[in-house]
Amino acid sequence: MPSKKITKEHIRNFCIIAHIDHGKSTLADRLLEVTGTIALRDMSDQVLDQMELEKERGITIKAKSVKMLYQAKDGEEYMLNLIDTPGHVDFTYEVSRTLAACEGAILVVDATQGVEAQTLANAYMAIDNDLEIIPVINKIDLPSAQVDYVREEIETILGLDSESAPAVSAKEGTNIEDVLEAIVNLVPAPVGEEDKPLKALVFDSHYDPYKGVIIYMRIFDGKVKAGDTIRFMASGKEFEVTEVGVFQPSMMKLDELYAGNVGYLAASIKNISDTQVGDTVTLRDDPTPEPLPGYKPAVPVVFCGIYPVDGADYEDLKEALEKLKLNDAALLYEPENSVALGFGFRCGFLGLLHLEIIQERIEREFDLDIITTAPSVIYKVTKTDGEEMDVDNPTNLPPPTEIKQIEEPYVSVRIITPSEYVGPIMEICQNKRGTFKDMQYLDEKRVTVHYEMPLAEIIYDFFDLLKSRTKGYASFDYEQIGYVANNLIKLDIKVNNEVVDALSFIVHADKAYEKGRAVAEKLKEYIPRQMFEIPIQASIGSKIIARETVKALRKNVLAKCYGGDISRKKKLLEKQKEGKKRMRQVGNVDIPQEAFMAVLKLSEKE
Amino acid sequence: MEGLSLYLHIPFCLKKCIYCDFTSFPHKEALFEAYTKALTEEIKIYGKKFNRPKVNTIFFGGGTPTILPVQKIREIVEAIYSCFDVDKGTEMSIETNPDTVALADFRAFKEMGFNRVSIGLQSGEDDLLRFLGRTHTWEGFVRAYRLVREAGFDNVNIDLIFAIPGQTTKMWLDTLQKVTALAPEHLSLYSLTIEEKTVLGKWVERKKVEPVSDETDRKMYHTAICYLKEKGYIQYEISNFAKEGLACRHNLVYWERGDYLGLGVSSHSMLEDKRFFNTSDLTRYIESLEQGLPPVEGEEKLTEEEIRFEKIMLGLRLKKGVPKEWLKGKEEATERLLRQNLLEEKGAFLCLTTKGMDLSNEVFLEFME
Numbered sequence: 000m001p002s003k004k005i006t007k008e009h010i011r012n013f014c015i016i017a018h019i020d021h022g023k024s025t026l027a028d029r030l031l032e033v034t035g036t037i038a039l040r041d042m043s044d045q046v047l048d049q050m051e052l053e054k055e056r057g058i059t060i061k062a063k064s065v066k067m068l069y070q071a072k073d074g075e076e077y078m079l080n081l082i083d084t085p086g087h088v089d090f091t092y093e094v095s096r097t098l099a100a101c102e103g104a105i106l107v108v109d110a111t112q113g114v115e116a117q118t119l120a121n122a123y124m125a126i127d128n129d130l131e132i133i134p135v136i137n138k139i140d141l142p143s144a145q146v147d148y149v150r151e152e153i154e155t156i157l158g159l160d161s162e163s164a165p166a167v168s169a170k171e172g173t174n175i176e177d178v179l180e181a182i183v184n185l186v187p188a189p190v191g192e193e194d195k196p197l198k199a200l201v202f203d204s205h206y207d208p209y210k211g212v213i214i215y216m217r218i219f220d221g222k223v224k225a226g227d228t229i230r231f232m233a234s235g236k237e238f239e240v241t242e243v244g245v246f247q248p249s250m251m252k253l254d255e256l257y258a259g260n261v262g263y264l265a266a267s268i269k270n271i272s273d274t275q276v277g278d279t280v281t282l283r284d285d286p287t288p289e290p291l292p293g294y295k296p297a298v299p300v301v302f303c304g305i306y307p308v309d310g311a312d313y314e315d316l317k318e319a320l321e322k323l324k325l326n327d328a329a330l331l332y333e334p335e336n337s338v339a340l341g342f343g344f345r346c347g348f349l350g351l352l353h354l355e356i357i358q359e360r361i362e363r364e365f366d367l368d369i370i371t372t373a374p375s376v377i378y379k380v381t382k383t384d385g386e387e388m389d390v391d392n393p394t395n396l397p398p399p400t401e402i403k404q405i406e407e408p409y410v411s412v413r414i415i416t417p418s419e420y421v422g423p424i425m426e427i428c429q430n431k432r433g434t435f436k437d438m439q440y441l442d443e444k445r446v447t448v449h450y451e452m453p454l455a456e457i458i459y460d461f462f463d464l465l466k467s468r469t470k471g472y473a474s475f476d477y478e479q480i481g482y483v484a485n486n487l488i489k490l491d492i493k494v495n496n497e498v499v500d501a502l503s504f505i506v507h508a509d510k511a512y513e514k515g516r517a518v519a520e521k522l523k524e525y526i527p528r529q530m531f532e533i534p535i536q537a538s539i540g541s542k543i544i545a546r547e548t549v550k551a552l553r554k555n556v557l558a559k560c561y562g563g564d565i566s567r568k569k570k571l572l573e574k575q576k577e578g579k580k581r582m583r584q585v586g587n588v589d590i591p592q593e594a595f596m597a598v599l600k601l602s603e604k605e
Numbered sequence: 000m001e002g003l004s005l006y007l008h009i010p011f012c013l014k015k016c017i018y019c020d021f022t023s024f025p026h027k028e029a030l031f032e033a034y035t036k037a038l039t040e041e042i043k044i045y046g047k048k049f050n051r052p053k054v055n056t057i058f059f060g061g062g063t064p065t066i067l068p069v070q071k072i073r074e075i076v077e078a079i080y081s082c083f084d085v086d087k088g089t090e091m092s093i094e095t096n097p098d099t100v101a102l103a104d105f106r107a108f109k110e111m112g113f114n115r116v117s118i119g120l121q122s123g124e125d126d127l128l129r130f131l132g133r134t135h136t137w138e139g140f141v142r143a144y145r146l147v148r149e150a151g152f153d154n155v156n157i158d159l160i161f162a163i164p165g166q167t168t169k170m171w172l173d174t175l176q177k178v179t180a181l182a183p184e185h186l187s188l189y190s191l192t193i194e195e196k197t198v199l200g201k202w203v204e205r206k207k208v209e210p211v212s213d214e215t216d217r218k219m220y221h222t223a224i225c226y227l228k229e230k231g232y233i234q235y236e237i238s239n240f241a242k243e244g245l246a247c248r249h250n251l252v253y254w255e256r257g258d259y260l261g262l263g264v265s266s267h268s269m270l271e272d273k274r275f276f277n278t279s280d281l282t283r284y285i286e287s288l289e290q291g292l293p294p295v296e297g298e299e300k301l302t303e304e305e306i307r308f309e310k311i312m313l314g315l316r317l318k319k320g321v322p323k324e325w326l327k328g329k330e331e332a333t334e335r336l337l338r339q340n341l342l343e344e345k346g347a348f349l350c351l352t353t354k355g356m357d358l359s360n361e362v363f364l365e366f367m368e
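Heads up: the sequence lines are chains A and B, in that order.
According to numbering that gives the first Met the number 0, the residues represented by the first sequence are 0 to 605, in order.
According to numbering that gives the first Met the number 0, the residues represented by the second sequence are 0 to 368, in order.
Treat the hints loosely; a few may be bogus.
[Stated by the list, open to error] Taking beta-carbon pairs under 7 Å as the criterion, some of the chain A residues facing chain B (in silico):
| id | residue |
| --- | --- |
| 1 | R553 |
| 2 | K554 |
| 3 | K559 |
| 4 | G563 |
[What the hints assert, rightly or not] Facing chain B, according to a computed beta carbon distance under 7 Å, are these residues of chain A, among others:
| id | residue |
| --- | --- |
| 5 | N555 |
| 6 | K570 |
| 7 | L572 |
[To be verified] Simulated crosslink set (DSS-like; lysine-lysine; CA at most 25 Å straight-line):
| id | chain 1 | residue 1 | chain 2 | residue 2 |
| --- | --- | --- | --- | --- |
| 8 | B | K201 | A | K568 |
| 9 | B | K14 | A | K576 |
| 10 | A | K569 | B | K329 |
| 11 | A | K570 | B | K329 |
Read the hints as simulated data drawn from the structure, not as lab findings.
Glycine included, each C-beta is placed from N, C-alpha and C at the ideal position.
Okay, chain A solo, but in the shape it has when bound (with noise of 0.2 Å):
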């Protein structure tokens, strides 16, 4: 589509940020229907939320990014770049990859909540790359909007300039132009130079099967075309370009991109791999001497194990972590095996959140049914030979003789709870091995908490606890702070005296009691009676400190056959059959999958 130039004074790149459910991709879907980049009958709830998980879960995973074409009440043509943020705490990396592609951010506050933990840490995060934020106020078509007091609040808790804040509803499609216009207005036009040498930052990428990586890209000075030798300049690989085009949100082929633009590029690249998020691109011939500060890579904090259900599903398995990784450059995974589950995958998550996605896709998509087991966080051990050594799987633990210290990490805790909360809040820390460190009143009504804890603690159920004991009112955040030497010790599950090494967790010696009665209690719901008796034991080492039974099946008969119906015994026994399949031999007892989730899913106020 040949169109006339935008010049860069008429270019705007913006995000939007914000509290989960506080109405991002709503406001997204209105800002691409009102500029008409998507026509009204084309728009589907959500556009940027392509992945159905995304729509279903409301939340938004992979950042992307759209072109809009909007004429201004000044007369003039702007091009607005939007670039979608993901908007919980699991993907803050992925949300500070974004801005540094922007000059300018949208930080919607939903007129009903008011400013949330998360509202909080994207806004300090935006200040913090010298982003110029709009505040908008969503959700005034609510009864329960109180536009009036969140604008206090924003400028209280934020110490942003609320006066002039859009209030809409996005929902209604109610004042989005005033949005769009604050974005004219207030959002600076990049800087940067188009007769410089190219310079462009990779901000995300994505596989296509047919064009090889897309790489999408912030262009700082310079440009670029299909044709072009492009360079990598932290891995030093060197492409030739075959396309260049914007998300409008589909892809659209253009001559070229320069400076001020977000776009894409293509240049059959085969390996994600050879491209990295945070790398400068610039031109083979014509380089820049200086690269763009990039990001610090994505450090996963969670791990746990993935196996098949079914073992001959290991390869199928291994190439859907290959090309979920393709476009999520935050997961991590390395072959493990497990004398319980056979063989399967170490992974690496920036949180729980990450895990679940990353698991519901498994299934979904690929259609695998898999095991998952306990979640671990890395701990720093150092053995009494003063050898030290990283251990993200409670099985490599090395004997209780041989450790000297075992360090976990600690992560700093914000949450912001509406007064009368506090109480049950804190008793959750509290449990949760938490240290309170300080407590500050927003206003009358709304309260930091801010305790430091291990990060083991909160990636259980910390936040289910949190919603459930506030009603939902709660909201947090965290950062990782470091780590903290603590009594912990490695509470192994034998079921029938053999220890299921995926049952193996390292939990903090007062705590290992009730976590070792808890995970037998569960298992005995879960395990089936079977041909003999089965002894579930929790033990610290040689000692048991839990133990419960599985009795014997004394009966599985169909009495009766009525009429000649043996299809419908065929049937139960098939059915029989099928849930044995899914389950796991541990020595000679099946264990169904269902007990691993439980386990894992296991809340301690059980």
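Take the given structure of chain A and dock chain B to it, following the hints.
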């Protein structure tokens, strides 16, 4: 075809029992006429299709077949005689329920050619009968039993259920004692199966009723096996016991995979390794036959492997077991089952032990591909 067995389903009853998930409807007297007509039409279709085949056994099941007026049963029986080749010695059974016996005319049934009656008693305890939703008492049953005997039937089966919530082993033994004192020729003992969709299933799901533990269930079963053996009954199948030579031939056809034709709503048939079944929808069944069409809803042609498995699964239900050669290629599983005391050898045969009967599904699963 070496002759076949006929099953006729009468889907009517006085009242639905809480555990029943068979195709049976109370209060459908208005359909008796139309159903009888449809069923005789179906008989005619198959009689013609297979060119008046020879019939080895006939079984009227339900529901409660005897809820139909005698005249209707007669019409059905006459249709069978005119469309099939029924021999004098053919086993011909009818199921009944104590409440309908007095109303029915068993002398007339005898004259029609019925030579075996199966009475659904279920329990000897009035409290348990009430719980199950049965409409009769133990006394009512005894009167019905006498009427059946007086009508000249010398081959009578009594159906009993055990592991009823609230039932103790002692209560069960009392029932067995009372029943065997009447000296029926045949006994069917069924461990109560709690089906999800039944009233009982829902009570259990809502924890209104506590099912009997598997331990007690098996104790009752083992008690019955011992007790009946003492009383001269031979166990010939997991749930069936009979005096010498009086095993139900119709039942044996199912276990031995003989050919059978199931007529009536929701009935299942197997002819020459092909299984097919009728619709379970009463209205559709009647309408289909009004147009002279067989109301078949589905069929399944068995593969070699399925036939092999069915032979083992059904054959092992019988006390005599299956010939060893049927388990060729399954030596490993067989060895394991022998070791676990689930199977035992009897000459050239392998059969289930009592423990094997308790866990028969586990055994069958070992032989399933």
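Hint check:
1. Against a cut-off of 7 Å between C-beta atoms, the interface hint on R553 of chain A holds, since the closest Cβ of chain B lies about 4 Å away.
2. Contact between K554 of chain A and chain B, as hinted, is supported at the beta carbon level, the nearest pair being about 4 Å apart and thus within 7 Å.
3. Given hint, K559 of chain A at the interface with chain B, holds; its Cβ is 5 Å from that chain's nearest Cβ, closer than 7 Å.
4. Because the closest C-beta pair between G563 of chain A and chain B is about 5 Å apart, less than 7 Å, the hint holds.
5. At a threshold of 7 Å, the smallest CB-CB gap from N555 of chain A to chain B is about 4 Å, leaving the interface hint in force.
6. With a least beta-carbon distance of about 11 Å to chain B, the hint placing K570 of chain A at the interface is violated under the 7 Å criterion.
7. Taking 7 Å as the C-beta cut-off, the interface hint given for L572 of chain A holds, the closest approach to chain B being about 6 Å.
8. A C-alpha spacing of about 22 Å is found between K201 of chain B and K568 of chain A, which places the hinted pair at or below 25 Å, so the restraint holds.
9. Simply put, K14 of chain B and K576 of chain A have alpha-carbon atoms about 36 Å apart, too far for the 25 Å limit, and the pair is violated.
10. Taken as a hint, the K569 of chain A and K329 of chain B pair is honoured in the structure, with Cα atoms around 19 Å apart against an allowance of 25 Å.
11. Only pairs whose Cα atoms come within 25 Å are accepted, and K570 of chain A paired with K329 of chain B is accepted, the gap being roughly 22 Å.
Going through the hint list in order, the structure does not satisfy hints 6, 9.
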